[in-house]
Structures are given as C-alpha cells and as structure tokens.
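Peer 1: All chains, please: the whole structure from these sequences, using the hints.
Chains as they are written, first to last, in my numbering: chain V, 1 to 338; chain Y, 339 to 676; chain F, 677 to 1014; chain A, 1015 to 1352.
Check the hints yourself; a few may be wrong.
[What the hints assert, rightly or not] In silico BS3-like cross-links for lysine-lysine, where the CA-CA straight-line distance does not exceed 27 Å:
#: 1; chain 1: V; residue 1: Lys119; chain 2: V; residue 2: Lys203
#: 2; chain 1: F; residue 1: Lys1008; chain 2: A; residue 2: Lys1108
#: 3; chain 1: Y; residue 1: Lys663; chain 2: V; residue 2: Lys325
#: 4; chain 1: Y; residue 1: Lys552; chain 2: F; residue 2: Lys1008
#: 5; chain 1: A; residue 1: Lys1339; chain 2: F; residue 2: Lys770
#: 6; chain 1: Y; residue 1: Lys670; chain 2: V; residue 2: Lys94
#: 7; chain 1: V; residue 1: Lys332; chain 2: Y; residue 2: Lys540
#: 8; chain 1: A; residue 1: Lys1133; chain 2: A; residue 2: Lys1108
#: 9; chain 1: Y; residue 1: Lys432; chain 2: Y; residue 2: Lys457
#: 10; chain 1: A; residue 1: Lys1217; chain 2: A; residue 2: Lys1228
#: 11; chain 1: V; residue 1: Lys325; chain 2: Y; residue 2: Lys432
#: 12; chain 1: A; residue 1: Lys1171; chain 2: F; residue 2: Lys1001
#: 13; chain 1: A; residue 1: Lys1108; chain 2: A; residue 2: Lys1339
#: 14; chain 1: Y; residue 1: Lys457; chain 2: Y; residue 2: Lys552
#: 15; chain 1: V; residue 1: Lys332; chain 2: Y; residue 2: Lys432
#: 16; chain 1: F; residue 1: Lys992; chain 2: F; residue 2: Lys1008
#: 17; chain 1: V; residue 1: Lys94; chain 2: V; residue 2: Lys108
#: 18; chain 1: A; residue 1: Lys1133; chain 2: A; residue 2: Lys1346
#: 19; chain 1: A; residue 1: Lys1217; chain 2: F; residue 2: Lys1001
#: 20; chain 1: V; residue 1: Lys325; chain 2: V; residue 2: Lys202
#: 21; chain 1: A; residue 1: Lys1217; chain 2: A; residue 2: Lys1171
#: 22; chain 1: F; residue 1: Lys1001; chain 2: A; residue 2: Lys1346
#: 23; chain 1: Y; residue 1: Lys670; chain 2: V; residue 2: Lys325
#: 24; chain 1: Y; residue 1: Lys663; chain 2: V; residue 2: Lys94
#: 25; chain 1: V; residue 1: Lys157; chain 2: V; residue 2: Lys202
#: 26; chain 1: V; residue 1: Lys157; chain 2: V; residue 2: Lys108
#: 27; chain 1: Y; residue 1: Lys552; chain 2: V; residue 2: Lys214
#: 28; chain 1: A; residue 1: Lys1228; chain 2: F; residue 2: Lys890
#: 29; chain 1: A; residue 1: Lys1346; chain 2: F; residue 2: Lys1008
#: 30; chain 1: V; residue 1: Lys214; chain 2: A; residue 2: Lys1228
#: 31; chain 1: F; residue 1: Lys890; chain 2: F; residue 2: Lys879
#: 32; chain 1: A; residue 1: Lys1133; chain 2: A; residue 2: Lys1339
#: 33; chain 1: V; residue 1: Lys332; chain 2: Y; residue 2: Lys663
#: 34; chain 1: F; residue 1: Lys1008; chain 2: A; residue 2: Lys1339
#: 35; chain 1: A; residue 1: Lys1171; chain 2: A; residue 2: Lys1228
#: 36; chain 1: F; residue 1: Lys770; chain 2: A; residue 2: Lys1346
#: 37; chain 1: F; residue 1: Lys784; chain 2: F; residue 2: Lys879
#: 38; chain 1: V; residue 1: Lys214; chain 2: F; residue 2: Lys890
#: 39; chain 1: A; residue 1: Lys1108; chain 2: Y; residue 2: Lys552
If you're looking for bench data, these hints aren't it; they were derived computationally from the structure. Values in this document were obtained by computation on a predicted structure and should not be read as measured data.
4 protein chains.
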Amino acid sequence: MIVVLKPHVTEEQIATVVRMVEELDYRAHVIRGVERTVVACVGDERGDHQLGHLESLAFVDRVMPVLRSFKLAAREVRPEGSRINVNGVEIGGKRITVIAGPCAVESKEQVEAAAVAVKAGGAHLLRGGAFKPRTSPYAFQGMEDEGLRLLEAAGHKAGLPIVTEIMDPHDIDLFVEHADMLQVGARNAQNFSLLRRLGRIKKPVLLKRGMSTKLEEFLMAAEYILSEGNPNVVLCERGIRTFETATRNTLDLNAVPLLKQWTHLPVIVDPSHGTGIWSLVTPMALASIAAGADGLLIEVHPDPAVARSDGPQQLKPERFTELMKLLAPVAKAVGRSL
Amino acid sequence: MIVVLKPHVTEEQIATVVRMVEELDYRAHVIRGVERTVVACVGDERGDHQLGHLESLAFVDRVMPVLRSFKLAAREVRPEGSRINVNGVEIGGKRITVIAGPCAVESKEQVEAAAVAVKAGGAHLLRGGAFKPRTSPYAFQGMEDEGLRLLEAAGHKAGLPIVTEIMDPHDIDLFVEHADMLQVGARNAQNFSLLRRLGRIKKPVLLKRGMSTKLEEFLMAAEYILSEGNPNVVLCERGIRTFETATRNTLDLNAVPLLKQWTHLPVIVDPSHGTGIWSLVTPMALASIAAGADGLLIEVHPDPAVARSDGPQQLKPERFTELMKLLAPVAKAVGRSL
Amino acid sequence: MIVVLKPHVTEEQIATVVRMVEELDYRAHVIRGVERTVVACVGDERGDHQLGHLESLAFVDRVMPVLRSFKLAAREVRPEGSRINVNGVEIGGKRITVIAGPCAVESKEQVEAAAVAVKAGGAHLLRGGAFKPRTSPYAFQGMEDEGLRLLEAAGHKAGLPIVTEIMDPHDIDLFVEHADMLQVGARNAQNFSLLRRLGRIKKPVLLKRGMSTKLEEFLMAAEYILSEGNPNVVLCERGIRTFETATRNTLDLNAVPLLKQWTHLPVIVDPSHGTGIWSLVTPMALASIAAGADGLLIEVHPDPAVARSDGPQQLKPERFTELMKLLAPVAKAVGRSL
Amino acid sequence: MIVVLKPHVTEEQIATVVRMVEELDYRAHVIRGVERTVVACVGDERGDHQLGHLESLAFVDRVMPVLRSFKLAAREVRPEGSRINVNGVEIGGKRITVIAGPCAVESKEQVEAAAVAVKAGGAHLLRGGAFKPRTSPYAFQGMEDEGLRLLEAAGHKAGLPIVTEIMDPHDIDLFVEHADMLQVGARNAQNFSLLRRLGRIKKPVLLKRGMSTKLEEFLMAAEYILSEGNPNVVLCERGIRTFETATRNTLDLNAVPLLKQWTHLPVIVDPSHGTGIWSLVTPMALASIAAGADGLLIEVHPDPAVARSDGPQQLKPERFTELMKLLAPVAKAVGRSL
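Peer 2: Next comes the structure, spelled out in structure tokens:
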C-alpha cells in the first residue's frame, strides 16, 4: 500500500504516519518527491485493509494499493521521476548521462588511456570491470582488487566517478570504499542475496537486466534493493537472449519507454553488450536516446584489437568521440542535452 | 557470383556479359547502380569457376563470390542503396517515408476518415488490411475484395498510393490491379510459393520479417523475390517473438543498422505491431529513425476503441499528427528529412 | 457453442438440431463420437445466447460455450480421441504409428531403397519430400511432380501409404491424386489460405507446429482445417525455435501431454527435425512415446552422407531398425503397442 | 589438456605426471576411472604445447587437447560416467534416483508428512526449500535456518538424505552441516562466486540449468565447481524460457541425451518446474527416463491447495505413488531400474 500525503505536510505529520504504519507491523519507507511525500508500506498484504484507516487523518490524501507487484519502484510513487546522484553526477535529469570505459581493467596504462579518452569525448562516468563474470573458469577473471584500485586512480586523475561490477556480497565493503557506483551484472540480476545486501548500503546501484528477465521481474529485482532501504537504483537494458544469432543479444528498446511509464527509476542502455558488434553501437546509442533513455553505457578501449575480453564490441576512442558528436543533435531533438 | 563491370560500360558490353553468363547455364540479372553496373549470376554453384574467366574481358572489373548465402540482396551489389518507387513515392532515399492507416478496412467511412487524417498528418502512403490473417478462423477476416476497392478509392481521393497485404498467390492479379504495393505478412515470411510468384510481377513488395525469422533468413526470403526478377523489395522489421510478454512482440531495432550494412534494400519499421501498445509507438518510431530506418509503418484508426482488430496498438489521428511533429527534428538530427 | 445431444438420439433429431442451428445463421458440424454426438456451431458469437434455447429440446443434453478459442479441436467434442485413417493405417489408436522415409526424394533408387528399408524396420507409412521448402532459393528445391510420382510408386511397391508436404494451394489436386496424407510444414503453419483449402478436401492432413507457434495458435491452425469440413487432422510437434543452438530446434515434449488434454486430435512427434542430430533421434523418439505421443515421424535415408538435404539428422536403415526394437518395450510400458 | 595414462599405472607414476604438470604452472586434477586414470591440466592455454612433451613418458598413453571449452566435465575424461554418492544414495548408476518433497518447508507437520509420503512412494532423497529465491521480496522467503533443521529432522526420521537450495555463499557452513546435497537454483546458475565456493567443499552439488543457459554454458558452470576440486556435481534440466506460455517453462529433454554424450556427470530432470502444471508431471517424468535421465526431482506436497509456493505444480502423495508405479516399467524398458 502507498499512503499519499497532502502537499505541505510537516515532518511531525510524516513521523505520525510512519509510527502508525509500523504499529500495524509494516515497514514504512518515506519517499520525498518534489510535489508530494508518500509513505510506502512493506509487509503482509493481509493487513492492507487496516492501512486504509489512515485515510481518516487530515493530512493524508489517499491510501492506494499498488496493483502491480512492484511497489517502491512504481511510477506512482514519484511521478516526476528519480534523479540519482553518483558522486556529483546526476542520472535521471534532463541531461543524458554517458558512462564509458573498457570492458575490463587490464593495466594501469590501459585504464588511464581509456579514462583520458572518454573524458575528452565527453563521458560523465568511467566504467571498467575489475572482477569479471566469465562463462569459463579458464578465461581472464579480471585484475580483481588491484584492478579496482587502478580504476579508482584513473577516474580520480581524469575527474570521473567510477562504476564497476560487484559479483560477491563478500566484497561489498571493498567496493563501497573504492567505487562510486556498484554494477550488478546480467547473470546476477536475480541473485537475491546480493541484491538484499546492496539494499543496505547507500551507494548507487546500476542494475542490469538479466538475459531472460521479464520487465516486471526486472523491477522486482530493483524492489529487493529498494525495500531494504537503498533508493539509489538505476536500471540498465543490455539486451535479452532470443533466437537471433546475428547479434550477441537482442537489445530490447521497447523496455525503455515501457519502464519509463512503469517506474520512476532512471533507465539507461548498454548498446555494447546489447549488440556485441562495434559498428552497431552508435546507431543503437542514438536510438536509445530517441526512445527516451536517460543515459548510455558504452565500452571504449584504447586498442580493442588487443582487449582481453569483448574486443569486437568495444569502440576506439575516436569512434566514441564521433558517437558523442552524433548524439548531441538527437538528444536535443527529444528535448534533452548532453 | 557477381560480375562487377568497369565504369562507363556500354549497353552492348553488358549484353555480351549477359550472353556469356547464360551460355554457362546461369540466369543473369543486370543491376544498374549509380556508379557501377553489376551482373548477378544465379545458378548451380559448381560452375562458379567458369564464371571466373569473365575477368579476362576488358570491361569487367572483377568476378566475386558472394560469401553470405544471399546474393542479389547483398549490399555489395548496390553499395549506394536501392530506392524503390511506389507509384511516385520513393522509399530508400534521404527522405523518411511514412506509411499509415488502419489495421483493417472496416467501412467506406472508416477508411476514408483514416486516409484524410493520415494525409493531413503527413503520411506518404496509405495502408489498410482487406484480407486479414487472423489466428482464429472465427475472427473477422477482413472485407476482402470489397475492402481492397474501398482502400483504393480512399487512397485515390486522399492522393496516397496504397499498401495492403496479400495472403494467397491466387489473388495476385486482383492486387496488381488495385494496389500500389503488396505486403507479405509475418506469417507468410517463409511462404516460398507466394514469394516466388511475387518475384514475377513488378509491383513493389513490402516484406515483413517473420516472428522467428533470423536476419539472414529474412534476406533469403527477399532473395526468393529478387531471384525471380522483381527488384522492388522493401524490408520491414515488425518485432520478433521472445519470452517477454509485457509487449506484444520485441521490436528488434538491432536489425535496422545490421540490415543496412548487409543489404541495399530499404528497411522500414512497424512499431505498432512491434510493441502492440499505442503509448510505445511514438518513442519507438523516433528510435527507429535514429537507428537508421528508411521509413515507418504506423497503424492509425479514426476511433481505435471500436476497431475490429488490434485496437490497443492503433493511434488516434491527433496522436499520429503529434508523432509526425516529434519525428521531424529527430530525422533532421540524423541527416534525413520528412 | 457446442450442443451436446443425449445418448441414442436419432438421425432425425440430429437433423432437427442442425436445421435450427443453421436458421440462427451458424454453420453446424455434426461430430459423432462413440458415446455422444455433438453439434459444433460456428458463427458470430454475438448470437450465442440464442443457441442456448436449444436446451429446451428433449434430446439435447446441454449447450455449452467453448471457453478456449478452439472449438472443433477441443477435447470435449470427442473425449475418447479421434482416430484418423490414412488409406488403411490408423493414427490415434492404441497402436503407435511410425512414419519414416527420407527428407527429400532424390531418385528412384534412393526412394525405393528407403521404402524397402523402413518397411522392413516396421514403419507404417512412407514419408518423403517432393516439393521442398528451402531457406535459400538456390538450394535443391525437390524433384517436384516427378518426385511425387516416384514416392507414390515406391510406397505402392513397399505396401506403404505415403505422406508428403504440400506448399502451394495450386497443387492440391495433384497431391490428392497421388498422396495418401498431405503434410503442412512448419513455415506454413499459419498460411491460412493453404489451411482453408485443405479443409475442403477429405484427405488426412499432417499439420506441423510452426517454429514459433504457441500451442493455442497451433490448435487454431488446425481449427482452420476442421472448420471448413475436413476432420482428418493429425498434429505434429517438431521443435520450436529458442536461444539454444546446440540442437537445431528445441523439441517441446511438454506439448504432447498438453495437446492430448486439450484436443481429441492425434499428436505425433518428429525427433529428426526436433533435434537435428541423428544420435539424439532414438532417445527422443522413446521419450515422445513415453510422454504419450500417438506416433513418430522419422527421417531415414539409405546413405545420409550423400543426402541432398538434412543429412546430419537422417538415420541409416540399420539405426532405424534398432530404434524400432528399442521402441517396442517402451510402447508396451505405457500401454501401447507397435 | 588431458593426459591419458596407460592402463595399470602406479601411484608413483601418477605423482610424477602431477609434479611435471605443476612445474609447467598448470593445476593437475587426477581423475581415476575404472579403466583409465587421466590427469586434467588447468592453466594458461598458451603453455599447451609444452604439455605435449609428456607423451614421451612410457606410462603416458596420449596428451589430448579438449576441443570444447569444458575440460573436467567432458565425457572423454570418464567415459564410463560418474556416480555421485549422496550419503549412501548413488546418482548415475543403473538405478534411477528419485528426489521428492515439497517446494518449500512450511512447518514441522508439513515436511514430516511429505517425507513419510515420498518415502512410502519409493523416493530415495528428500527435497525441500528452506531459503527460497522468490521473484518478489514481499513473497514468502522460506523458513530459513529453522526450515533447514526441520527438513534435516524429517529426512532423518524417514531415512532419506536431504537436498536443499543454497543461495548465499555466506551460508555454506550451515548447509554443509545440515544438508546432504546442496542445490544451486536456476537463477544462480551463473553466480560464479557461489559456484567457486561450492567447488571448495566435498558435499555433492545439484546444479540446475538457468532459464536461458545454453548447454555449453551449463557445463562451464559445472566446470567452475569441478575446477576448484569438488567432483560431486549432478546436473538438472528444469526447463528453459521460451515464447511458449501454456507451460511455465519449456522442459528441454533434448538436453538429456546431448549432455549424456558430452559429459560424464549424471543428469536428472525436474518436470515439476519444467512444466509448472501437475497433470503434465507424470508423462514428462516417464519421458525423461526414456530419454536417458539418471533421475528425477519431483515436487510433492501433502496438500498442494494450501502450499505457500508453486501449488499448481506439486503432486499429491497418491499421485506421486502412482507416478512411481508407472515409472517402473518404463525404467525397465530402457534397461534401468527403480
């Protein structure tokens, strides 16, 4: 259930609602929007009729059930949309946010070169994998702790907050210390243990859709994080698995406008994994923004030919710069900026 | 094999090549591009080495095998891209072509109202189904012959050439007489008997991708039409069938830039079927153009609430007009016009 | 709607019901089961309440709506299951029916050798493609008319009725003359023009599931044939298209028990196309029968290594004989016989 | 690379090979089959040519590359197949192993009733979920620690070793203490952190295929466990995600014979999740065994109508008993026993 408060309620009134909700054995999440404050109530649905009584309070506008299975992620909770702050960079506003960098951190030189290049091209955040989820246990698994530190240093030097993938709940403290945004990869999209733990920190989480995750399940995965208390979730469409083999994945851009209708969380797109082919990255990046995405995740490598993973889908720095140039007029055409 | 001729060959030289190719038991298709003329040779591949001897002719540039399974559809055959003329309206040039109209022709009033509305909104071609492929034999099957005539009349009155779906090879003469472009629906994407017969006419064909047709198979379906002698084929991405049920189909926009790289045929997108939800049609139409599509197929109904088929995905006329307004700046941003 | 008559009704009473149904502008299909006769009413559903009045007749048991979209195919119509007679061979009874033969008819010698071999192995019907639906227009398209005649002759000589695929409605008369059962391939599973025409003949039809046809749609395709008056339809599961590439298709054996619950039509399985790998054909054939299938479609070629199509999935004659030996105890274990 | 030793090598000779392999910076896994001992070498493939020199040793038969990406799981490593011992119950031998029990442990009474019932029906192992991976954070998440202890007690009382799902690497010690076999669910099939940790214990692992995991990826997931030193892995096909919505998942029985050809690991099938519909469980269980599966995982609940999760797919005890009766002759027909 969601308790929608009247405009201009006081902190005391909010506290009253929270207390009453908690007395009914629900957890209360206060969500402060620009226009309204709402209190989302998480608990056993069998008590929902009791929550209805809150409508008798003078400063409560209405108590409404959430019809879809996701609650805190629902658009209704924050109709104006969420803006997530990643160490000073906002995702979800009018400006398109571009996250770029190599698939994997491979060396100090490589990640620094990538950081300088994507900064020059106009990226706002630096990405790079230190712990890599690889299908084979015999493939390069990432530089791990050292990779994380190299990425942090490169980001710091270039003036870019960093985003990197976490695979093991065990590593959360390490990531909280060194990273600005924690990415959950497609293979862990329904690793509920990991999601719950990420709900107990405050760092922003970049949650990728799983290869066969339906959109409603995707929002339920976000709900695992939100319901533990971390509101800083950004969704990322990265392609789904279908019968088509010409592309590595099938980038599902339908997801962008549909998610924007269903949820207040920002939605970005990863055309690098979504296509698996560098020559498709730019057109699909433009299409993503035209479809309403709030940002992009683009793999850029100083020299894709020698990349230790995913070479065919990484852009050269000059191609990334060109992409950014082509992106500006498209963003403007749909009322956004870069 | 493809025989690429040198620039500025004479008609006589072309005729010489054709004759030599035919003497080797191949069928020869002459394809005249802006820069080059090529002769595509269709026949038993075991004779391919003999074709190689044509390279000794002074006006032959080179003889090259087509590595992919499609030949006549391959980009190499016409690097500058094909432009298909539909009774005066061109598809495949710099200008975006918009085909719009109701899912099904339901009455004289309905189709005329739709024609007037889409013309006013800026559409270039009128669509409407007279013979409808319906999952159930008990569902409305279209107005058939009468529907075709009503569509023709409405298009004529509004000054729009018409596009409509053909299901049965038996009806080809009727369609050639009354329609300007013949559409092959997703369920007939690999109905090879129908494709072959459409290869023997000259009217343009709008070939929709099947629900589970891989892109290479899609081009092979086009190849059935091309190899019979009809070069006027336009491809249409309309969504594929995946596990996702939130949308009717999964519109695969990866297909747009990939097809544009592989083939010289124009590629348009149908976001109405591709999403099945009217509120997603506009964002996905913008995304299609940003991805490089040459045109759009949009379902517009004067009153979707009373439509006899596919109501939820048809736009009201005013929403179509709005879509066209939003489309113009996106088209401009990617170097196209409306 | 379905009008269920009381046991032991007279022909005159049946005729009365038919007349009354037709007066209400429905088409009436009389279906005579062992225990009951039912009259299926096909027409505009808006008149359904009028049909309800038939319950007032003394010899009418009840008038029931068909909840699923298929009517004539519904199990309720013939709870004991249909048995289809293919020139003396029954499909749908206690005995498992095995259809075997080469993918394509390639020569007189090849098809005769195959016919002799599958007859010796215990097959009941001979299959072979004369008109082949090939993804590429440049691939072997079958021996066409001549192939059909060679297949007919080989079947006649071996004492086996023949099954072969029809692709074009234009060829129906030819097929009715020469074949005992007409197969509709996966690519034409929703070619409604073809299905309708096959509904107007009496020859049994073997309807294959399309690569992305849902089970309900599959039964609706059968309904196209049934609703035109041909009750002789056998369904064939042949694998669906999924993300898995280790096998040519994903044989969906869930379809077997589910279809048997939903419909009275016999259900057979094609493990040759369903797997695309000869070494999987035998285990999946055993599994099909254990799941409740009424028969099998097995590709057998005298020499798969030189086959002109689908070599990797065709069995050698000795392997087919072995399959049949392994099949007998499995059939017995589930209360069937060979 | 795999070093195949000659028959009848001594322990000393094996130790020599291991030492030499390790000197080349590979990890060596000694795998003792009935006929042969092989040493699998895990490490950087660039040193593979050096391993080839081991062929010069008198007691080495040959050094062969593993062509597929999985090595330790490959059939060649143990051609006779692995048998995994779960606290006295063997999986992978001639006898079919049946694991049965409720989806979730709900109470002492429920799990004890289930244990008694499945034991009476003939099951060999008891299953039950204590920690449940649920799509929604608001759904019943299992009885957790208490559930695990109740399951252990019920298994002990009924004389059945227990199998239960682990979701968090953090819980491994708890599970090792209380469970006989640890299950990895479909959503964690590529949770590489969890798989690695399970590779460092000795308890048998029941690894379920992910919803969109290709068979080769499935074996690579097993390889994560094997390559860390735990050889006790049993694979479980449980249905994949496809476009078909009539069943909860599409049980991919092609996987059974294909996996049996590719790997020496035992393969069992879960028709309860694979279909999601109780009335399909028995036919698909029979089909699984006919296809060559080594066992079954069947959900049985004393009263499915009141189950807190997955009620529609759980069998009543009497239906489970009936399934086992029908299973016996099918197992016998394919040379197995119950």
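Peer 1: Hint by hint, which ones does this structure get wrong, listed from lowest number up?
Peer 2: Of the numbered hints, 4, 7, 12, 14, 17, 19, 20, 35 and 39 do not hold.
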